[in-house]
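A.B. asks: I would like the entire structure built from these sequences, with the hints used as guidance.
The opening residue of the sequence shown carries number 1 in the working numbering; numbering runs sequentially from there.
No lab work stands behind these hints, which were simulated from the structure alone. Treat the hints with care, as some may be off.
Said to hold, decoys possible - Here are the simulated DSS-like cross-link-like pairs (lysine-lysine), alpha carbons at most 27 Å apart as the crow flies:
no., residue 1, residue 2
1, K126, K241
2, K108, K241
3, K246, K134
4, K126, K246
5, K103, K241
6, K108, K126
7, K103, K224
8, K246, K108
9, K134, K107
10, K134, K241
11, K103, K246
12, K65, K90
13, K241, K107
14, K134, K103
15, K125, K241
16, K241, K133
17, K103, K65
18, K65, K108
19, K108, K133
20, K103, K126
21, K125, K246
22, K108, K134
What the hints assert, rightly or not - Ranges of calculated distance between the beta carbons of each label pair, as one might list FRET restraints:
no., residue 1, residue 2, range
23, S114, D152, 12 to 20 Å
24, D152, P86, 32 to 40 Å
25, D48, G280, 29 to 37 Å
26, P227, T340, 33 to 41 Å
27, G135, T57, 18 to 26 Å
28, V55, D231, 28 to 36 Å
29, P156, A54, 44 to 52 Å
30, K90, A261, 17 to 25 Å
31, T340, H52, 32 to 40 Å
32, T57, A261, 39 to 47 Å
33, D231, R106, 18 to 26 Å
34, W104, D231, 13 to 21 Å
This one's a predicted model, so the numbers in the text were calculated from it and none came from an experiment. Yeah, the Cβ is synthetic: ideal placement off N, Cα and C, and Gly gets one too.
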Amino acid sequence: SLASASAALLSPMPTLVPAAAAGGRLFLRGGASEAGGMKRVLSHQDIDTEVHGAVDTADTRFFAKDTVEAEHRSLWHDLPLFEVDPETMKPTGAINFVCEIPKWTRKKFELATSEPLNPIKQDQKKGQLRSFKKGDIYFNYGCFPRTWEDPDFVHPEVGVGGDNDPLDVCEIGLRQINTGKVRPVKVLGVLCMVDEGEADWKIIAIDREDPWAQLLHDIDDVQKLLPGTLDTIREWFRTYKIPDGKPPNTFALGEQFMDRAYALSVVHETHRAWARLVRGNAEDALEQTKEDAKPADPSPAAAAAPKPRKFTMKRNLSVPALDALRQVETSMVSDEQSLTAALEKAKID
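C.D. replies: Below, the structure is given as structure tokens:
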């Protein structure tokens, strides 16, 4: 029921120390296992949250725990973008939303994209934990897994590259969602903020089980049935940095909230960008393995030659280093099928 689900969302979380990933490697769920089989697809229903470190300190980390296999997972890389029905193994049309900042709170939590397993941590500035000086945020804020706003991709209608983070999501449902909790949501629209010269897309979505979800099918429905909601979101992002002494943020696309179809195209592009990121990192790992296997060249010219930079080094991201490219390729095929089916299903209410 809605009441029991809400109670589960707000239940306290234990303080536990997660085990380290073997060899520092992460494996994409849905990729081929060492035995050549297929791992099961990770479901949001199987994710628990464990808190590591003293609360309200720089050491606090929210880790995702797979309760079925009792292992820790990355909410960025291991969790599928599209929710899959565990019985039919087909996409439901909903998208998995990772909540970082619950509504009516102000601590600036975010996925630690540069740390192994990508736990959620509180952002810092000049050694101080960050909170929104503007006050509490009005919506559940987080991101979509397996997405990435590529700094090298310049959107033709925006003119600037991405902000090097997973795709941001504003969930406008009635319930407060805990940090680290994953909920299936329905995409409604998107706003494009330009933050310090980078595109910072904000997907507007609603929890699939929210009472309003049956009435909201596109961004115009939000404007019509929940007047003021979108204006409040835009003004929040326009002004939240002003108390820090910074100018207001600006927006692309005439400050408009684009419709659901446009938003799904942004989801599509950022998911492909994530695939390129992971594939590039795997290719780097394979190339490095080949280089390590070569006999050392003792010549002065070889010693002076510049070393190739790893794909993710310039972006300071922790991305799975897979043992074989075939694991990535298999996962991409699986995700591509889910993406195509879910995009079609998401257009039909």
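A.B. asks: Confirm or reject each hint.
C.D. replies: To see whether the hints hold, each was checked on the structure:
| no. | hint | in the structure |
| --- | --- | --- |
| 1 | K126 / K241 | holds (16 Å) |
| 2 | K108 / K241 | holds (12 Å) |
| 3 | K246 / K134 | holds (12 Å) |
| 4 | K126 / K246 | holds (16 Å) |
| 5 | K103 / K241 | holds (18 Å) |
| 6 | K108 / K126 | holds (14 Å) |
| 7 | K103 / K224 | holds (22 Å) |
| 8 | K246 / K108 | holds (17 Å) |
| 9 | K134 / K107 | holds (11 Å) |
| 10 | K134 / K241 | holds (8 Å) |
| 11 | K103 / K246 | holds (23 Å) |
| 12 | K65 / K90 | holds (23 Å) |
| 13 | K241 / K107 | holds (14 Å) |
| 14 | K134 / K103 | holds (14 Å) |
| 15 | K125 / K241 | holds (13 Å) |
| 16 | K241 / K133 | holds (8 Å) |
| 17 | K103 / K65 | holds (23 Å) |
| 18 | K65 / K108 | holds (22 Å) |
| 19 | K108 / K133 | holds (10 Å) |
| 20 | K103 / K126 | holds (26 Å) |
| 21 | K125 / K246 | holds (14 Å) |
| 22 | K108 / K134 | holds (12 Å) |
| 23 | S114 / D152: 12 to 20 Å | holds (18 Å) |
| 24 | D152 / P86: 32 to 40 Å | holds (36 Å) |
| 25 | D48 / G280: 29 to 37 Å | holds (32 Å) |
| 26 | P227 / T340: 33 to 41 Å | holds (35 Å) |
| 27 | G135 / T57: 18 to 26 Å | holds (22 Å) |
| 28 | V55 / D231: 28 to 36 Å | holds (35 Å) |
| 29 | P156 / A54: 44 to 52 Å | holds (47 Å) |
| 30 | K90 / A261: 17 to 25 Å | holds (22 Å) |
| 31 | T340 / H52: 32 to 40 Å | holds (37 Å) |
| 32 | T57 / A261: 39 to 47 Å | holds (43 Å) |
| 33 | D231 / R106: 18 to 26 Å | holds (20 Å) |
| 34 | W104 / D231: 13 to 21 Å | holds (19 Å) |
Going down the numbered hints, you'll see the structure goes against none, and every one checks out.
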